[in-house]
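Residue numbers (our numbering), protein chains in the order written: chain A, 1 to 300; chain B, 1 to 296.
The hints are simulated quantities; they were obtained by calculation from the structure and are not laboratory data.
All values derive from a computational prediction rather than experimental measurement.
The reader is advised that the hints may include incorrect statements.
Unchecked claim - Here are the computed distance ranges between Cβ atoms for each label pair: (1) B/Ala-197 / A/Ile-219: 26 to 32 angstroms; (2) B/Asn-240 / A/Leu-261: 17 to 23 angstroms; (3) A/Ile-19 / B/Lys-65: 49 to 55 angstroms; (4) B/Gly-50 / A/Ala-194: 51 to 57 angstroms; (5) B/Leu-172 / A/Ile-207: 44 to 50 angstroms; (6) A/Lys-58 / B/Asn-69: 50 to 56 angstroms.
Unchecked claim - List time: in silico DSBU-like cross-link candidates among lysine-lysine, alpha-carbon distance up to 35 angstroms: (7) A/Lys-289 / B/Lys-108; (8) A/Lys-46 / B/Lys-222; (9) A/Lys-289 / B/Lys-287; (10) B/Lys-177 / A/Lys-9; (11) A/Lys-2 / B/Lys-177; (12) A/Lys-12 / B/Lys-177; (13) A/Lys-247 / B/Lys-135; (14) B/Lys-283 / A/Lys-104; (15) A/Lys-107 / B/Lys-196; (16) B/Lys-287 / A/Lys-104; (17) A/Lys-293 / B/Lys-108; (18) A/Lys-46 / B/Lys-226; (19) B/Lys-287 / A/Lys-108.
The beta carbon of each residue, even a glycine, is placed where N, CA and C say it ideally should be.
Single-letter residue listing:
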Amino acid sequence: MKSFILDIKRNKGLYIILIPVILWFIIFAYLPMFGLIMAFEDYTPKGGFLGSKMVGFKHFMDFFNSVYFGRLLRNTFLISFYNLIFGFPAPIIFALLLNEVSNKVFKKTIQTVSYLPYFISLVIVCGLVADFTASDGPITELIVSLGGKRQNYLGQAKYFRTIYVLSDMWQGIGFSSIIYLAALAGIDQELYEAAQLDGAGHIQRLIHITLPGLSTTIITLLILRMGTMLAVGYEKIILLYSSNTLKTADVISSYVYRKGLEEFNYGYSAAVGLFNSVINMALLIISNKLSRKFTETSLF
Amino acid sequence: MKIKQSPSRIAFLVFNYLFLALLGFLFIAPVWHVVMASFSDAASLTSHTGIVWWPLGEFNIGGYKIVLNSPSISTGYLNTAFYVIVGTLISLLLTTMGAYALSRNTMKYRNVIMLFLSFTMLFNGGMIPTYMVVKNIVHLYDTRWAVIIPSAISVFNLIILRTAFSQVPESLVESAKLDGASEWTIMFRIIVPLSKATIAVILLYYAVGIWNSWFPAMIYLKGRDKYPLQLILREILLLNDTGVMTTSADAVKNVQLERKLVKYCTIIVSTLPIMCFYPFIQKYFTKGVMIGAVKG
Chain A
1 MKSFILDIKR NKGLYIILIP VILWFIIFAY LPMFGLIMAF EDYTPKGGFL
51 GSKMVGFKHF MDFFNSVYFG RLLRNTFLIS FYNLIFGFPA PIIFALLLNE
101 VSNKVFKKTI QTVSYLPYFI SLVIVCGLVA DFTASDGPIT ELIVSLGGKR
151 QNYLGQAKYF RTIYVLSDMW QGIGFSSIIY LAALAGIDQE LYEAAQLDGA
201 GHIQRLIHIT LPGLSTTIIT LLILRMGTML AVGYEKIILL YSSNTLKTAD
251 VISSYVYRKG LEEFNYGYSA AVGLFNSVIN MALLIISNKL SRKFTETSLF
Chain B
1 MKIKQSPSRI AFLVFNYLFL ALLGFLFIAP VWHVVMASFS DAASLTSHTG
51 IVWWPLGEFN IGGYKIVLNS PSISTGYLNT AFYVIVGTLI SLLLTTMGAY
101 ALSRNTMKYR NVIMLFLSFT MLFNGGMIPT YMVVKNIVHL YDTRWAVIIP
151 SAISVFNLII LRTAFSQVPE SLVESAKLDG ASEWTIMFRI IVPLSKATIA
201 VILLYYAVGI WNSWFPAMIY LKGRDKYPLQ LILREILLLN DTGVMTTSAD
251 AVKNVQLERK LVKYCTIIVS TLPIMCFYPF IQKYFTKGVM IGAVKG
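Next up, chain A with everything else stripped away, as it sits in the complex:
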């Protein structure tokens, strides 16, 4: 403590600059953390964090025993999982294909166009999704011309995850490929020339030079992504779901929002949120450990 005070005295100017920042973190990050106490209370806004009645683990028990628990866990996991197995390799493949293009203008054009969806706001992307999959939308029209049924696809529970994952890919592929394209550009060109002299074909060069060159980037991003498996964001879900699709669309975070801020079940929703945060933290720590072990890169 003494040395801390000494440090403050010696760096007064720096600590003064730091005060507003520290205050912000105390109020908007640590006070809510303290407020998690409400997960163990029958919280009322009047009673506040400290004055509400304690109920122990009641909310947690209610949640674990409710019919929603399994459904939410399943939905959250499945959306993440599909997003991982389809959304993760897509930018890698896209980058590899772009890398084979020798025409600079063509490459640059496709790249620029692929970033375009990333710059459209989430609300508008979801608006486009809703419009395109409506019963008179262009995507529905395409499905009908291929022999499918004319209906509002976003309103059907069984298509929700497909639509969610595909629209995520549409918006993210181009931008996510940047990091792989950079890694590809960093591979020593002499390796390719040497391999070519030794008679290695394109496939062999891909397997023995390109993929090993990308492996660190791929493994790091993959492991870190595992850490966010149960952290599906609520924003896009809330924008896209409806009462018809709750069965497949509702994830833990959107459930927290609905229970807490639409149904005013404060203590209960804080408990569900805490459950989700703890799991997310555990997954992140594990994946970070793995990343450090296998790739010598880590988030923290």
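On the provided structure of chain A, position chain B as indicated by the hints.
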């Protein structure tokens, strides 16, 4: 030097060009559809199904007239402009201050403090307790500050900026100190100008983030007069509430007829600023991705 290609290689290249061209088409087709539909005749558009390749019926800018005359759109635009400008300034200032102080190695306890900040990336109070703090403790509910302040600092951005600041040679800071410069002077006159590129990236991150943000506004704002553009867009595009466009009953009926057209025009009007900038700002984002990758 021209190398003779094997037939399978040529087949692959042809496939590759065609496939990438198809992808390029998929990225741009939805945008094309919206632009063309927005200039279409309202009645033809309502009865049309599928993609619009070219404006339907008479070339029509009636939809734009409705959108541009709509009070909610213009209020939304003004509010968003306020949030983006003021919010970005506050965010950038706080982040710069934090990053600067924590980048100076004369501070013995900077790593402890950094840990205090970084921990919030790993664990946080979550939506409901944060909402209670903003509403019942800081009393920001239904004020414009509720949209700006609670999400002002991103630890990720702070770490990126701190790394950039710590790369400025220590000798520059020391000689300024000998000349009697205060910490504020060193920060704004030496460190910040030397880290312009990274500052630009962070500024862009914050500005685009606020431009796109709608959720805090939805939960913290009651008065429609404070709604940002994205929240208005949600009502029009996703809750199908084109009635918000006008106030008089007669006009509401008219808008219902031209609902589809108005939707498309709204999308264009609210995306145009970003679309005009994006070819220029994409290189900063690309740079940001690389900085983030190096020091994630």
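Okay, the hints, checked on the actual structure:
For the pair B/Ala-197 and A/Ile-219, the beta carbons lie near 29 angstroms from each other, so the given range of 26 to 32 angstroms is met. Checked against the hint of 17 to 23 angstroms, the pair B/Asn-240 and A/Leu-261 passes, with Cβ atoms roughly 22 angstroms apart. For A/Ile-19 paired with B/Lys-65, a C-beta distance near 52 angstroms keeps the hint of 49 to 55 angstroms intact. The hinted range of 51 to 57 angstroms is satisfied by B/Gly-50 and A/Ala-194, whose Cβ atoms lie roughly 53 angstroms apart.
Checked against the given bound of 44 to 50 angstroms, the beta carbons of B/Leu-172 and A/Ile-207, roughly 49 angstroms apart, stay inside it. Judged by the Cβ atoms, the range 50 to 56 angstroms given for A/Lys-58 and B/Asn-69 holds: they are separated by roughly 54 angstroms. Simply put, A/Lys-289 and B/Lys-108 have alpha-carbon atoms about 27 angstroms apart, close enough for the 35 angstroms limit, and the pair holds. Pair hint A/Lys-46 plus B/Lys-222 holds up; C-alpha atoms about 20 angstroms apart against a cutoff of 35 angstroms.
Taken as a hint, the A/Lys-289 and B/Lys-287 pair is honoured in the structure, with Cα atoms around 27 angstroms apart against an allowance of 35 angstroms. Our distance criterion of 35 angstroms between C-alpha atoms is met by B/Lys-177 and A/Lys-9, whose separation comes to about 16 angstroms. For the proposed pair A/Lys-2 and B/Lys-177, the alpha carbon gap of about 26 angstroms is at most 35 angstroms, so the pair holds. About 14 angstroms separates the Cα atoms of A/Lys-12 and B/Lys-177, which keeps this hinted pair within 35 angstroms; it holds.
Between A/Lys-247 and B/Lys-135 the alpha-carbon distance is near 31 angstroms, which keeps this suggested pair within the 35 angstroms criterion. About 17 angstroms separates the Cα atoms of B/Lys-283 and A/Lys-104, which keeps this hinted pair within 35 angstroms; it holds. A distance of roughly 30 angstroms separates the Cα atoms of A/Lys-107 and B/Lys-196; the hinted pair therefore holds under the 35 angstroms criterion. Only pairs whose Cα atoms come within 35 angstroms are accepted, and B/Lys-287 paired with A/Lys-104 is accepted, the gap being roughly 20 angstroms.
For the suggested pair A/Lys-293 and B/Lys-108, the alpha carbons sit about 30 angstroms apart, so the restraint of at most 35 angstroms is met. A C-alpha spacing of about 27 angstroms is found between A/Lys-46 and B/Lys-226, which places the hinted pair at or below 35 angstroms, so the restraint holds. For the proposed pair B/Lys-287 and A/Lys-108, the alpha carbon gap of about 16 angstroms is at most 35 angstroms, so the pair holds.
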